[in-house]
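Plus 8 on top of the position in the sequence shown (first one is 1) and you've got our numbering.
It should be emphasised that the hints constitute simulated quantities derived from the structure, not laboratory data. Certain hints may be false.
[Claimed, not checked] Straight line, CA to CA, 25 Å or less: simulated SDA-like cross-link-like pairs of lysine to any residue: (1) Lys73 with Ile184; (2) Lys73 with Ile58; (3) Lys73 with Ile295; (4) Lys73 with Asp185; (5) Lys73 with Pro217; (6) Lys73 with Leu86.
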Amino acid sequence: MRPNDRTGLAIILSLVALTLFDAMGLVIKHLSSTYSAAELSAWRNLFGLIPSIIALAAARSWHAKGRIWRIRQWRLALMRGVIVTFAQLFFYMSLGRMEFATASTITYTNALFMTALAVPLLGEHVGWVRWSAVMVGFAGVVFVMQPGADTFSYDALLPLGAAACYALVGVTARMIDDDVPSALVSLYSSVAAACGALILALSLGGFTPVQSGTDMAWIIAMGGFGGTAVLFLVVSYRMTEQSNLAPFSYFGIPLAFLLGWLFFGETPWDALFPGAFLIAAGGLLIIWRERRRTSQSRVIPDRAE
């Protein structure tokens, strides 16, 4: 446990972050009929830079180390931002083409992808429990996507691609030196994502003129929601161990269903269940196994001493 562990407050902040992410998704879905996914990604990253800068300015470890901007693995940090650009593009496209809860639920497979990617990228040994969890989770994806059914659409591959990209971002974060402040890594990725999204938007047709002051307000709110959510997650992860927060991330699935129903009148019961339960079950099984492995690794050195 960390010396200044404040698990209760960290859980609250992480839940607020999830709510803000969903609020951002609602705005994206609302604006997607007028603006392309690439444009929205560029706007989100532009206004989302502000909370990232605030997070770095508030990071004590960064100030204590002399406010150094350059990091040894700067190429990897920037590459993560490029991956985020494509993750956002896929997810934002899915929000414009699919029901809100369905698209959001499929992205929760990122925990499954992270387990699979940890083998080739981090050299981790994944045992039968975690591989079983991955299989259960992907069985849930099959139920949600319903390949072969008349209602199947290849658009369902978009949030799955987004989940894979977000998982790659998560795994590569563990490849960066531990002494680098999380806020600095986040800022590197945010800057790269903003530049990548801008280039992508310009190459795919440019920017649509903002139609009204109301739309501009929604765009600013979208960037603020997303950037603040990232800021809250960074703060919450510094308050307690990530394993304490991970189980609460699946709060986003019922929340997405509720918000989709309230704002868009969507009730995708047939599409989401039982697949959503299997996705959550697979992710939670992975989390349980990780926590058990961590606790065992702490007990064994104590016995050796």
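Checked hints:
1. With a C-alpha separation of about 17 Å, the suggested pairing of Lys73 with Ile184 holds against the 25 Å cut-off.
2. Distance check on the hinted pair: Lys73 and Ile58 sit about 22 Å apart at the alpha-carbon level, within 25 Å; holds.
3. A distance of roughly 33 Å separates the Cα atoms of Lys73 and Ile295; the hinted pair therefore is violated under the 25 Å criterion.
4. For a cut-off of 25 Å, the pair hint linking Lys73 to Asp185 stands: about 14 Å separates their Cα positions.
5. Of the pairs offered as hints, the one joining Lys73 and Pro217 is violated, with about 43 Å between alpha carbons and a cut-off of 25 Å exceeded.
6. A C-alpha spacing of about 21 Å is found between Lys73 and Leu86, which places the hinted pair at or below 25 Å, so the restraint holds.
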